[in-house]
Structures are given as structure tokens and as C-alpha cells.
Amino acid sequence: MTRDSIRGSSDRSILILTSLADWPKHGYALIKDIEEFAGVKLGAGTLYSALAKLEQAGLVEALPAEERRRPYQITAAGREFLYQRLTESARIAEVGLRRIAVASS
Amino acid sequence: MNRHLVRLLLMLYPRPWRDRYGPEVVRLTQELIAAGETTPARGALNMAGAGLAERLRVLAYSTRSAVAMAVTALLAVAGSFFASGHARPPEPPSAASARTAVVKLTGFVCGFQLGSARGVVVPAADADAAAVAVGTGTGATAIEIPVDASAPDGLRPVTFPANLKKGQFVCVVAVPNSAEPAWQSADPVPPPPPSGP
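Top to bottom, those sequences are chains A and B.
Residue -6 is where the first sequence starts when you use my numbering, and the numbers rise one by one after that.
Residue 2 is where the second sequence starts when you use my numbering, and the numbers rise one by one after that.
Any given hint could turn out to be false.
Cβ pair distances, simulated, as ranges [what the hints assert, rightly or not]:
1) 72/A with 58/B: 39 to 47 Å
2) 50/A with 60/B: 13 to 21 Å
3) 56/B with 69/A: 31 to 39 Å
To be clear, the hints were calculated from the coordinates, so they are not data collected in a lab.
For each residue, glycine too, the CB sits at the ideal point set by N, CA and C.
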């Protein structure tokens, strides 16, 4: 199992929600933003599979198309979900980093 | 990517998904190719992989739904048997053969909640209640709701619960009217002899 294969669809959802946390974006802007802040390059099919699941779950919603591009925005439920997941991740990261520091000292 | 290949790739996706997101995926893939972010081959491969994944996801969901529906239907029928048993008066002496006649399934409807349909009509004149099972692919809940007795004979409308969502399935089993127990005609008890003057 490679490091990249460990990143599942859950990770992709978090990346998309994080990208949408500041303002709405269309597909191309999402891919570029995620590549910039996470170093992960999503394909169009992969991105829309994740977007479809997030939309069905009510975590993101589509806005009216602008110049044939449809922007997506995070919903209140999506913001709450992202906040909980990131808080949980931060707590785990803190514990992990502390233990690594103790073990290597 | 040429149009023929795009059409073939889109065919890999389930139709509802394709109708909703297909044009956006194609447009984004073409944008990425035009910007040099990906090659036509990699773009096509990504679309194909995602399409197959969506197909498998829908297939897995529908299989779970079919299994859940079958289990729910059995539970609903069992509920109907149970309700019939409770509505039945004390058993006559020769009830062994009558028991099969008591459990009369007067109506049975199973299907998915689609569009704006908000109920079904149980085709039974002698039903006074209906056991309704409502569920999704992962679980089911059985409830009992009264049938509108003011409707014309032969039509017993059953309204779905208000919180029923699109895609959920319902199973409706009409419970026989306890006022006219069918077992009496199936195995009549001899009337007491008339007492003479």
C-alpha cells in the first residue's frame, strides 16, 4: 500500500470542503486550489464523484452556472462537518507529534 | 478528446449521474487538457475510472435495497399475520383448518417512493388498517396507519408518512377487517339447537 493509496474518498471530501470554506469555486478553480494547498492533483472524474456525494449529503450545493461553469459552495452543515473533522484531526495530530517528540528525545 | 470517445466514456456513468454532472465533467476535462494540466489519455482514464466506480456504487446500493425490501416485505406480512391473530375472536373447536382462512392478505403493495406520489390505494373493500414498512437500503421501520374508511368501497387509500424521502421504499400490507372474520365461513360453528316451547 502506497502513501497515496491510503488517502481515501474521505480525504478528498475534506480537501474539497476545505477549498470551498472561504468562497464558492467551480471545478477548475477547485482542482488548482487543492493542488496548491495540499499538493494533491484531482482528475475531473474523481472531483465530480466526490462533489456528487457531498451534494447528496447536503454538505455542498451548486450555484447557478456562470459562463457555462457551475460554482459550488459549502453549506452550513458542510461547514459544521468540516469544523468537527478538522478539530478531530488537529487533536490526533497534536498527540502524534508529541509522542514522536518524546520518542526521539 | 473526440465526441465519440466522450460519449462512450459518459455511458460508463449511471444515467442520473450522467444527466446531472456529465456536461460539467466533460467541460472540466477539456479545460484541463487545454491548459496542459493533463493529457487526453489521462483525462479519459480518470473519467472511465470514476464512471465505473459510480456504476459499482449504484449496483451495491440497489443490491442492498433489494435485500432490505425482501426482508421488510416478509416482516410486513408477518405483522399482518400477527394483527389478524389479535383481531380474531376465540377459536372454534376445529380451528386447525380455519387458521389458514383467517389470515387473508387483502392487499399488498411494494415499491420505491418516486416523484410526487404520496400514497397508494389498497385494493380491498374489507381492510381497516394497513401495516406499512418504510425503509432505505440500510434499514426499515414498520408502522401501522389507519385506512380511510370513508372512501368508496374497494378503494382504501393509504397515505405515506410525511417524512418519507425520495428513494425510500414502502411495503403496504392491508389487514383484514376484524368485523367480518373470514374463518367463520371457512369452518362454520354449528348454531345451537333451537329450544322448543
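Now for the hints, and whether the structure bears them out:
1. 72/A with 58/B: 39 to 47 Å: 26 Å, violated
2. 50/A with 60/B: 13 to 21 Å: 20 Å, holds
3. 56/B with 69/A: 31 to 39 Å: 32 Å, holds
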